[in-house]
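2 protein chains.
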Amino acid sequence: MSKNRKFYLEDIPLDEAWRRFIAAMESSGLWKALPGEDLPLEEALGRVTAVPVWATLSSPGYHASAMDGYAVRSMDTLGATETAPKRLRIGPDRQAEYVDTGDPLPSWADAIIQIEHTQHIDEEADEFIEIQASVAPWTAVRPMGEDMVATELVLPANRLLKPVDLGALAGCGHATVSVRRRPRVAVIPTGTELVTVEQAAQEGLKSGDIIEYNSLVLSSQVRQWGGEPTRYPIVVDDYERIRETVREAAAIHDLVLVNAGSSAGSEDFTSSIVEELGTLLVHGVAIRPGHPVVLGTVTDRKTPIIGVPGYPVSCALTGEIFVEPLLSHWLGVPSKEKPKLKATISRKLLSPMGEDEWVRVTVGRVGERTVAAPLSRGAGVITSLVRADGIVRIPRFSEGVEAGREVNVELYRDPSDIDRTIVHIGSHDLCLDMLSQYLADAGRLFSSANAGSLGGLMALRRGDAHLAASHLLDPATGEYNISYVKQYLPNIPVVLMTFLHREQGLIIAPGNPRGIQGLSDLVRDDVRYVNRQRGAGTRVLLDYHLNKLGIEPERVKGYRREEYTHLAVAVAVQSGAADCGLGIASAAHALQLDFLPFEKERYDLVIPRIYYESDLLQPLLDLIHGPVLRRVVNELPGYDTTSMGTIVV
Amino acid sequence: MSKNRKFYLEDIPLDEAWRRFIAAMESSGLWKALPGEDLPLEEALGRVTAVPVWATLSSPGYHASAMDGYAVRSMDTLGATETAPKRLRIGPDRQAEYVDTGDPLPSWADAIIQIEHTQHIDEEADEFIEIQASVAPWTAVRPMGEDMVATELVLPANRLLKPVDLGALAGCGHATVSVRRRPRVAVIPTGTELVTVEQAAQEGLKSGDIIEYNSLVLSSQVRQWGGEPTRYPIVVDDYERIRETVREAAAIHDLVLVNAGSSAGSEDFTSSIVEELGTLLVHGVAIRPGHPVVLGTVTDRKTPIIGVPGYPVSCALTGEIFVEPLLSHWLGVPSKEKPKLKATISRKLLSPMGEDEWVRVTVGRVGERTVAAPLSRGAGVITSLVRADGIVRIPRFSEGVEAGREVNVELYRDPSDIDRTIVHIGSHDLCLDMLSQYLADAGRLFSSANAGSLGGLMALRRGDAHLAASHLLDPATGEYNISYVKQYLPNIPVVLMTFLHREQGLIIAPGNPRGIQGLSDLVRDDVRYVNRQRGAGTRVLLDYHLNKLGIEPERVKGYRREEYTHLAVAVAVQSGAADCGLGIASAAHALQLDFLPFEKERYDLVIPRIYYESDLLQPLLDLIHGPVLRRVVNELPGYDTTSMGTIVV
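In order, the protein sequences belong to chains L and E.
First residue of the first sequence? That's 32 in this note's numbering, and the numbers climb one at a time after it.
First residue of the second sequence? That's 32 in this note's numbering, and the numbers climb one at a time after it.
Just so you know, these hints were derived from the structure itself, not from any lab.
Ideal Cβ placement from N, Cα and C applies to all residues, glycine included.
Treat the hints with caution; some may be incorrect.
Stated by the list, open to error - Keeping only pairs whose Cα atoms sit at most 30 Å apart, straight-line, the calculated DSSO-like set for lysine-lysine is:
(1) L:Lys-369 to E:Lys-193
(2) L:Lys-373 to E:Lys-367
(3) L:Lys-369 to L:Lys-379
(4) L:Lys-193 to E:Lys-237
(5) L:Lys-63 to E:Lys-193
(6) E:Lys-63 to L:Lys-588
(7) E:Lys-517 to E:Lys-63
Unchecked claim - From chain L, some residues computed to sit far from chain E (all C-beta separations above 10 Å):
(8) Ile-43
(9) Glu-57
(10) Gly-67
(11) Gly-110
(12) Thr-182
(13) Lys-193
(14) Leu-236
(15) His-322
(16) Pro-383
What the hints assert, rightly or not - Using C-beta positions, here's what the derived DEER-type ranges look like:
(17) L:Asp-671 to E:Pro-44: 13 to 21 Å
(18) E:His-151 to L:Phe-428: 34 to 42 Å
(19) E:Pro-628 to L:Thr-87: 25 to 33 Å
(20) L:Val-82 to E:Pro-365: 49 to 57 Å
(21) L:Glu-158 to E:Lys-379: 54 to 62 Å
(22) L:Lys-371 to E:Gln-623: 18 to 26 Å
(23) L:Lys-631 to E:Pro-44: 49 to 57 Å
Sequences and hints are given; from them, build the entire structure.
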């Protein structure tokens, strides 16, 4: 570990960074589509034509019968009517000759009579057909070249080959096609703290170990975008080793990606290596996440190199922002555009001036509104990208977006997925994950945001969600949810339906080393509590009981440390950051912690009637009323499904 | 060839056909998602999870520093201000310890101070840092499990794996993932007339030979939709051989596709084989193209089988209509939906009652309008699918659509492609294909419909196109285009710009066997002419000269046989269907025919001013004014580019 570091990155606007990068590649002749390679058609699906393709054969290659029927001379059919049918003699070079669909038109004939429009005179002798109408010349004939004429343009260059394109190429005589070579991309992960997932799965992790998966994400992106990745083994933080790996990679690849080591931290080698091996063009782009990007070219080949930031979200977005357009350009196709959608942002987004920010959002169609809900903005939270339905870009001259404003979302999903998504905002419970599993089988997607019970009711009031799970205890009545729904949703007809009952209690370390017996121990000096956020039902429950016991919240050490889920509370206990926290039995059980139960609470679903009666939610209601979900929930510790599906009000 | 055939197919509505097919698979337990197979993450991109995936490790697996900086006890920092900074002693188990981003938080610490917010007191001694502000507990710390907590749901089942999903799987400790097995699909081409494209490319084609490419299209479709195709060699029309191939294929595949042999023709074996080997469910669906589809199940395994019609367009659409939804269901994902677009249909579409019809269209954005132009409806014209931007479905209880009505288009392309498409309707010339090549390099797509010169002007009047190529001779003045533009586009400001001059003349067989010397020979009894369609500039040119020569059109044999392109006229001559036709030199040259030139005509582009000045057309104008296009056009026979780019009016 060293403190010899520079503190400052540049802050180059994205378009300026791009301009420098492209200009450097242009000057070395690398900013152009890659050359072609000949491939058999069977291997060419999804590849891009490198040159235009002209037909070498005509299709059909001869005048072909378009029907099963009889080839005739049209002039022989003149005058045939229902009342005065005509007879034509069968056999080659006579007046009628049987042909199957696709057979050549005999040279003496100029039309086909469909077999359905003919009668055999004498089935045995098979000598004549009778027709009751005349045919015009070229009837039911596919003229030579109807589909393609030799010499004609069949496919342009820069065409992404689809199945029917391959058919057309074969049909006009091409057994191979010249497609652009796949761009070769080296992906080099660096970092002494990194271990492979195979190691981790076999040997477990030590504190400080980080599973290396950025190179997996980058190489999968490269593959998805039509490139050919080389995923290098992890290189430890050693300047010379990294430099030599970069030098070797640059010699045989079109692009080098060096992951991590690109922040302004003590292990920042990439920018120095680029300076030593070539030209450093950019170090620090005014984007977020992804700020510490390095752009440059290295070695005599002037191979472009990108220093990709180490945080997983920054890494994946650097791929989308910098690598994808490069690969598309080299393949000769336009950069992939995501489907776009206008949506209402569900809460205020602050964004720093001076940086383009990419915000991950979930998107749901709630009634007439399309709502985008921001996800975690932590650059280390890869699941925020996994769960994201799309991205909202906040331009660098903006300070953010007010709640309720319209934003443009670039979708990661098919827009039709949005229409089959049930949006839940509210209290979280593991059983909602179970529910989402079964919904997937019924063709529904389930988007769930943990906003706490009260947050869920507020979301319903704003029209941001289809339903909210809630377990809000009314201290005055000891009753759950009813009074809150009346207070917060006075004008929205809702159905309040019980989902389940669940055990709440204190989650404590295994063996209960602090000897915690109940809430009254929370005032002890040696007991650190971990709390849930304001508006969470569990927080309301705590406050209710503290009040009953006459304990001032200020006396509870850790009362101000807030987590957003039961599992996060359990993790705080597991890791020793806290000694106990209030939460549900299943969270304690999941992390093999001890549990001191003290209340069985009712956990309801609040569903506006308009969605309760919608097709969208029908599969959810079916599951709640069916036996399967009930069974799997009952198998979990701390749950009671006796009232599952009971309408409260 | 045999005439033992049944004439009648069923006419089962598509939804009823589907119901029967699904019901049969349900009853044999085959209508469900396929089981999983474990794959290393590197091979799982684009595959579908077979089961939900729960985190096995937390990420981060420990409380991690989110910054480069110093780990501290937050209580030690209390009271530090700019005016009263505090000193903290450096070193493990003291008051401050240096950590890199990602390093574990030391067990005695509970916060990180970013290095930028610290000062070294004595750079040599390295004993103290000075801070000017206090930090709250957990500042700049990524708590254990911030991203994923062990036991938490990470990915649902039925998830199509994206690059970031693979990252998340690795991050929570999974080195492999259970993904649905790829559905195995046998593709069996049948037909004695079929040859492979490799044979055709090496040995050429005999009359009656047809290049087999439907199996290439079907197997590419299967691969594209996530299945694993087995492409069988061509099986000749032999009932027993086909039956045995089907039987073998059914034993080791999830689905069998038998191509061709499914019409009601004499080689119709599929339905009989299905009857013999299992259950024939459907023979003939009320769709067009694709009517003679066979659906059934075969052998004791009840393997589903589809008899796919032989015409290439019918074949490819049968894949889209029947195979894709099956594969998607087996993979546990929703059937792929194409992007949808509303458009105005450019001309009247008649459609038979009683059949769902799939009409291929090109789509262009012309000014404020989105225009869908129907392509050839011939089931043998694969290029109609290659060129199609989308499909319009005409339901079976409709007789068609009037011109100008709004239709729903299901797009084969990315909607953004439509915005970069220049729509040309009008006269065709090979040089427009050249132009489209260079436009592709400039990021523009060029959609060109051959409607003849007059058809192009009418299209501009309706607002269906951005430009129209035209070579309409005014018999009164001998001038090209000007009077027609005035007459047909009186209210649209247009730019009339010369593209090129080109040689028109009679296209005749090599060696001129009929001794044709000029238009006056067209009245001879032994000379068969092939004409262009009404409204084509070449037809106008013919009529002008016939009139000058005092020849009545009725006296020209073949005057009523109309083709839509120069190449089609040349093909008619090449194939012996006609002895001569009027057309351009390059068409005669392409097919190595003789050419009797008699007029150099001006070929202009008519461009409404509003598009002439648009960004969309700028690359086209750049090409016309640049040297490259001029050079390649000059290399073709019969062209003169002296006036390329000259504005006429």
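Quiz item: For Lys-193 (chain L), is the shortest beta carbon distance to chain E beyond 10 Å?
Solution: The claim breaks: Lys-193 (chain L) does not keep its Cβ more than 10 Å from every Cβ of chain E (closest is about 8 Å).
Quiz item: CA of Lys-517 (chain E) to CA of Lys-63 (chain E), is that 30 Å or under?
Solution: Roughly 64 Å between the alpha carbons, so the hint for Lys-517 (chain E) and Lys-63 (chain E) is violated.
Practice problem: Classify the label on Ile-43 (chain L) as holds or violated, using whether its beta-carbon is more than 10 Å from each beta-carbon of chain E. | Solution: Holds, since 20 Å exceeds 10 Å.
Quiz prompt | Closest CB of chain E to the CB of Pro-383 (chain L) still more than 10 Å away | solution = Label holds. Min Cβ-Cβ 15 Å, cutoff 10 Å.
Practice problem: Measuring Cβ to Cβ, find out whether Thr-182 (chain L) lies farther than 10 Å from everything in chain E. | Solution: 4 Å, violated
Practice problem: Can you let me know if the beta-carbon spacing of Glu-158 (chain L) and Lys-379 (chain E) is within 54 to 62 Å? | Solution: With Cβ atoms ~45 Å apart, the hint is violated.
Quiz prompt | Given pair status - Lys-193 (chain E), Lys-63 (chain L), alpha carbons within 30 Å | solution = The given pair, whose Cα atoms are some 28 Å apart, holds under the 30 Å limit.
Quiz prompt | Minimum Cβ-Cβ distance from Leu-236 (chain L) to chain E exceeds 10 Å | solution = 5 Å, violated
Quiz item: Would the least Cβ to Cβ distance between Gly-110 (chain L) and chain E come out above 10 Å?
Solution: 19 Å, holds
Practice problem: Verify that the Cβ of His-322 (chain L) lies farther than 10 Å from every Cβ atom of chain E, and report whether the claim holds or is violated. | Solution: 13 Å, holds
Practice problem: Compare the distance between the alpha carbons of Lys-63 (chain E) and Lys-588 (chain L) with 30 Å, and conclude whether the hinted pair is satisfied. | Solution: Violated, because 54 Å separates the two Cα atoms, which is more than 30 Å.
Quiz item: Does the Cβ-Cβ separation between Val-82 (chain L) and Pro-365 (chain E) fall within 49 to 57 Å?
Solution: The hint (49 to 57 Å, Cβ to Cβ) is violated, given that Val-82 (chain L) and Pro-365 (chain E) are roughly 37 Å apart.
Hint compliance for this structure: hints 6, 7, 12, 13, 14, 17, 20, 21, 22 are not met, and every other hint is.
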